[in-house]
Amino acid sequence: MDDIYLIAVLSNIGMISFIALSAYLLLVVGEISFGQQAFFAVSAYGSGIATAMWGWPIWLGLLWGALVAGAAALVVAIPTVRLRGLYFSVATLAFAEMVRLIFEIFTYQVEIEGELVGPDGSDGFRDIRAIYDSNVSDFEYLLIIYGLLSVVLIGFLILERSRLGAIFRMIGEDPLLTEMQGLNVNAYKILAVVMAGVVAGIGGALYAHLATYVEPKIFNVMLGVHALAYGLIGGLGTAVGPLIGVAIDIGLLESIRAISGYRMIVFGGLVAVLLIVRPRGLLDEAAVHWLRGRWRGLVRAEN
Amino acid sequence: MLRIEGLSRSFGGVAALEALDLAVADGEVVGLIGPNGSGKTTLFNVITGVHAADSGRVLLRDEDITKSTPAAIVRLGIARTFQNLRIFQRMSVRENVWVGQHSLPSVGPLGLLSNRSAAERARRAEVDGLLDAVGLADRRNVLAGSLPLPEQRRLELARALARSPALLLLDEPAGGMTPAETAEMAALIRDFAVPGRTCIVIEHKLDLISTLCQRLCVLNFGRKIADGEPGQVLEHPEVLEAYLGGDTLDA
Amino acid sequence: MVDFIQNCLDGIMLGSSYALLAIGFTLIFGVMRRLNLSYGPSIMVGAFIGTLVYLEFKANAVAIAAATVVGAVIVGIYVERLCFRAIRRGAAVASMVSSFVIWMQLEEIVTVVFPDRTYPFPPLVTADPIELGPLFFKVENIVMFAVAAAMTVLLHWLLQHTRFGLALRAVSENPRAALFMGINVGAVMSLAFVIASAFGGVAAYLIVSADGQITPLFGLWATFKGLIAMMLGGMGSIPGAILGGLLLGVVEAQSIWYLGTEYRDLSAYFLLFLFLVFRPGGLMGQLAVERELAATRRV
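Chains as they are written, first to last, in the working numbering: chain A, 1 to 303; chain V, 1 to 251; chain G, 1 to 299.
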């Protein structure tokens, strides 16, 4: 296995992790979103436009992409916050497909150094070259991806132990009882959707700049449903869960090339069986609780 | 403290509450009894905003809360427990009480994220104090869903007290308990939950009611048929009729 | 005006295939209260089995249709066992994700067995369109429409006038109560799944034979068109599924004509989004929405 391939696979795992975390956050709040790819897409385009067309520096482009994704999430969250269950899921699906189909017809190009640059409908958006123009190597970019992923993951882990994280879990378990603790459930759900949008957005912006080319059909519903599946495979008890899901799918199965053509046949069957045994994933709440208990026990034993 | 005026609520044509009036003074402990389906839990649901009233008003310290959301009502100082137990099963016992403090004004937006501030430590110590008081101190790291029923009821009580409510609504706090457990629960409520606050208790078990309440109010078919001192109320002919006609008092 | 009417007719014809898909979807959802994302892919496998029978034995239409339906039912049973029966009630998300990974699995099995991706599928009828004044009707669409209508009548009879239908309605209303009444809930659910798969097989046969070809993408298409039609009509309502399918067809046909092909799906999703926000119960399902809402506030 050569380095270029390894870097490519690891970059891929890193970027997909963002959208998996994004879908996971909504699963924690008890909602299934088929539409996190929309925020991934909005940010990919938004940050690409900022760097390639407006000439912004890359860090500002990434920030801008995440912000635009958060704003898009707010736009979806407000009308859909009252919807529950399948109604919410299908609304997110409809929104995401609308976003994708709008990018199929969205054209906005400017001439830079004699070349037309910018999104061109279904032909996609070429030449998002910011990282190559500023001589960032693939390996350095890999570090940027994992640096940002670590920041987000640490944020999630802090969130898990905080009251806000508990509120998200409460809403996921029993919205009415949550309201009976004096909390405005709808406001917190909107907050969760926006946070999830920003997280997916970071991934989208990173993706656009690594690939240098995005087209609408990358952001189809398959991306979103995979993101959902990762959380459920790895477990809903902790943010490490979805990352395990991504690593299992892309990392493990991609590296075993012998089964490349049959990957989904094996993987699909494994996951289906896993979900029978553990309907909330490998690291579900009970498992995480048990692990924390063991950890506390170890710490106490050492002192 | 609480005043209810002409409160009505029906479900699909069946009146669960009909023109109910009830006033509860500060510091009073009122027992609410009545046969199954007489509207006791519905009354709690309407007071706490889970169900809307069809007509009538609910006033808390002269403030009209009839149309407020459940969350707003809780923040005004009403806490309740549930007849068929509602706890966050996938959270630990300690977290279940801790979450009761989330909406305290002292927590604030920053408090939602900080885990190590002095104020947060103090609040967590309060949680441990509550768990100690209800006898769950050694169970605090257990997942709440795995507790036996009497302990789940005590956990609900602790959570309801986490916000130090002014008005406490207890819906069958000893439901499904053995006589010994009931006596323990009655003592816990009397010595720990009741002092310093107003309380309404729904209960079938007369020994619990007689331990706690100075006043008894009887509902039947959504109407109040008696209200007064426990001794007098239980002699009331309509009350006897309501019970002997339907359920018997399992005292 | 003639354009508009012709578009409506085209839309209704197109919509009858959506309605066919939505009926099976609704039946499963109505009973299980869980989403089966594998619905489209399993009838897609059925259609591939039909195509196999056609290519290997040069079979006639009846044999191909039978193979499609049997294939869809067998795969349907596989999905039901693995993704629904084996996963306990209450874990609806797990069922849904499980049905998704099985979708991926089915799609890959099909691409391994049928590596050319696109395969011919024999048409059921090869008649010219019927002209009626300025309007055109395609015969295969009329057949679809008629079959959708017949299925509705059959389902109505099955649900309202048979003992099985009574049990099915009881299970979909309240599975626990049904269990206490001595109904074998598991068996009823399995049978509902089988019926839905059989209907799906018929739908797949008609749609694919009208297209003249089959690709693995049919699975995705069928799942999402069926899902949208079901949601537009109102979840759990069979007449709603039909109306939803027709509405979807008409809206698509009108957008193709007045806005252009690229707006076809965009307008469909836009309509769906509006419905969900302002009228989540769709055309016929408002009652179900209110009942569900009441259930979330049961204390």
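One or more of the hints may lead you astray.
Within a straight-line C-alpha distance of at most 25 Å, the following computed SDA-like cross-link-like pairs (lysine to any residue) qualify [stated by the list, open to error]:
{"id": "1", "chain 1": "A", "residue 1": "K217", "chain 2": "A", "residue 2": "L282"}
{"id": "2", "chain 1": "A", "residue 1": "K217", "chain 2": "G", "residue 2": "L220"}
{"id": "3", "chain 1": "V", "residue 1": "K67", "chain 2": "V", "residue 2": "R3"}
{"id": "4", "chain 1": "A", "residue 1": "K217", "chain 2": "G", "residue 2": "T215"}
{"id": "5", "chain 1": "A", "residue 1": "K217", "chain 2": "A", "residue 2": "Y108"}
{"id": "6", "chain 1": "A", "residue 1": "K217", "chain 2": "G", "residue 2": "T111"}
{"id": "7", "chain 1": "A", "residue 1": "K217", "chain 2": "G", "residue 2": "I256"}
Keep in mind the hints are simulated off the structure, nothing from the lab.
Verification of the supplied hints:
1. K217(A) to L282(A): 31 Å, violated
2. K217(A) to L220(G): 14 Å, holds
3. K67(V) to R3(V): 15 Å, holds
4. K217(A) to T215(G): 18 Å, holds
5. K217(A) to Y108(A): Holds - the C-alpha atoms of Y108(A) and K217(A) are around 18 Å apart, at most 25 Å.
6. K217(A) to T111(G): Satisfied, since the Cα-Cα distance of roughly 20 Å is no more than 25 Å.
7. K217(A) to I256(G): 20 Å, holds
The structure shown violates just one earlier hint, number 1.
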